[in-house]
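So the protein sequences, as listed, match chains A and B.
All residue numbers for the first sequence refer to my numbering, where the first residue is 1 and numbers rise by one.
All residue numbers for the second sequence refer to my numbering, where the first residue is 1 and numbers rise by one.
Mixed in with the good hints, there may be bad ones.
Distance ranges between label pairs, derived from CB positions [said to hold, decoys possible]:
| hint | chain 1 | residue 1 | chain 2 | residue 2 | range |
| --- | --- | --- | --- | --- | --- |
| 1 | A | K177 | B | K62 | 22 to 28 Å |
| 2 | A | E143 | B | K27 | 47 to 53 Å |
| 3 | A | S118 | B | T63 | 43 to 49 Å |
DSS-like, lysine-lysine: derived pairs with alpha carbons at most 30 Å apart [claimed, not checked]:
| hint | chain 1 | residue 1 | chain 2 | residue 2 |
| --- | --- | --- | --- | --- |
| 4 | A | K138 | B | K70 |
| 5 | B | K71 | A | K124 |
| 6 | B | K71 | A | K95 |
| 7 | B | K47 | A | K44 |
| 8 | B | K47 | A | K21 |
| 9 | B | K70 | A | K174 |
| 10 | B | K27 | A | K172 |
| 11 | A | K79 | A | K13 |
| 12 | B | K53 | A | K138 |
| 13 | B | K39 | A | K177 |
| 14 | B | K70 | A | K166 |
Calculated Cβ distances over 12 Å to all of chain B for the following chain A residues [claimed, not checked]:
| hint | residue |
| --- | --- |
| 15 | D24 |
| 16 | K29 |
| 17 | N105 |
| 18 | K174 |
| 19 | H183 |
The set of hints was computed from the structure by calculation and includes no laboratory data.
Ideal placement from N, C-alpha and C gives every residue a C-beta, glycine not left out.
Okay, here's what each chain looks like letter by letter:
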Amino acid sequence: MQLNLGAIPMNSKLLSLTKSKFKDYLGDKEIFDIIIFGSAVKGKALPGDIDVAIITDKEIKVNISGFHISVLNTKDFFKPVSLAHTLLREGYSLKNKRAFSEGYNFSNKVLFTYELTSLNPSTKVKIVHMLRGKSNEKGLVLENSGEWLANQVFLIPIGEESIFEKIFLNFKIKFKKFYVLIH
Amino acid sequence: MKYKSSKVNTLIKRKNLVLKLKTLGVKRVSPESVLFLEKFLEDNLEKIIEVAKEKMIVNGRKTLVEEDVKKALENLNKKEEGFEV
Chain A
1 MQLNLGAIPM
11 NSKLLSLTKS
21 KFKDYLGDKE
31 IFDIIIFGSA
41 VKGKALPGDI
51 DVAIITDKEI
61 KVNISGFHIS
71 VLNTKDFFKP
81 VSLAHTLLRE
91 GYSLKNKRAF
101 SEGYNFSNKV
111 LFTYELTSLN
121 PSTKVKIVHM
131 LRGKSNEKGL
141 VLENSGEWLA
151 NQVFLIPIGE
161 ESIFEKIFLN
171 FKIKFKKFYV
181 LIH
Chain B
1 MKYKSSKVNT
11 LIKRKNLVLK
21 LKTLGVKRVS
31 PESVLFLEKF
41 LEDNLEKIIE
51 VAKEKMIVNG
61 RKTLVEEDVK
71 KALENLNKKE
81 EGFEV
């Protein structure tokens, strides 16, 4: 099976806003990278605040309204519990203009598995049509650059995670979600 | 009236916006204020549409209905900052 390993589709408006706010820091050679993560990269329509991590070994304090900024140094990447894991899982590098994990030749995806057993027949049909599509139409999974791995198991780019999670919660569908890094 | 910046709003015609301001009793308008108002309307309309679209998809529909727009507005109003300027 050929997997679609495309880059995270970042909201362009959000991206340009973040870039403009961090313009000065992006040019700083002592700052290794500036990474966006959290709800902003997960496809939420209105992220509350934008989570940003600045990777540098120098002591800096950055405060920009509307942004939740964390500063990480290189040592943080070797700690057992660190924000670095989240960055690898879902981060988007502003310096490299691609997912942070793509720098290591990984593609970050979300794997969803779900069960429709608790639903009534009409809702089951509705969900199947929504996700898989009806007749010649593409379903939501394929429309959002996803891949079906098996029946009721699909992979989607991390940027589309939020919408699928909301659908499952809205229809009270039992589901499991796993973050995967594909090499 | 000369406008330095190019037109940002494609939904509301500038002359109609200026006319509306004048009918509401504004005697003179600066180009900057018109541009700012245009940008504000455009940005917030986009925001409303984004949220309404999400509501539509989550409810398993391909048709945007009034309820989606109402809920989107409710959500936006619930947020502390409301409409961002």
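Outcome of the hint check:
{"no.": "1", "hint": "K177(A) with K62(B): 22 to 28 Å", "verdict": "holds, 25 Å"}
{"no.": "2", "hint": "E143(A) with K27(B): 47 to 53 Å", "verdict": "holds, 51 Å"}
{"no.": "3", "hint": "S118(A) with T63(B): 43 to 49 Å", "verdict": "violated, 27 Å"}
{"no.": "4", "hint": "K138(A) with K70(B)", "verdict": "holds, 28 Å"}
{"no.": "5", "hint": "K71(B) with K124(A)", "verdict": "holds, 25 Å"}
{"no.": "6", "hint": "K71(B) with K95(A)", "verdict": "violated, 37 Å"}
{"no.": "7", "hint": "K47(B) with K44(A)", "verdict": "holds, 12 Å"}
{"no.": "8", "hint": "K47(B) with K21(A)", "verdict": "holds, 20 Å"}
{"no.": "9", "hint": "K70(B) with K174(A)", "verdict": "holds, 28 Å"}
{"no.": "10", "hint": "K27(B) with K172(A)", "verdict": "violated, 56 Å"}
{"no.": "11", "hint": "K79(A) with K13(A)", "verdict": "violated, 34 Å"}
{"no.": "12", "hint": "K53(B) with K138(A)", "verdict": "holds, 18 Å"}
{"no.": "13", "hint": "K39(B) with K177(A)", "verdict": "violated, 39 Å"}
{"no.": "14", "hint": "K70(B) with K166(A)", "verdict": "holds, 18 Å"}
{"no.": "15", "hint": "D24", "verdict": "holds, 23 Å"}
{"no.": "16", "hint": "K29", "verdict": "holds, 33 Å"}
{"no.": "17", "hint": "N105", "verdict": "holds, 32 Å"}
{"no.": "18", "hint": "K174", "verdict": "holds, 17 Å"}
{"no.": "19", "hint": "H183", "verdict": "holds, 31 Å"}
This entry does not satisfy hints 3, 6, 10, 11 and 13, going by the numbered hints stated previously.
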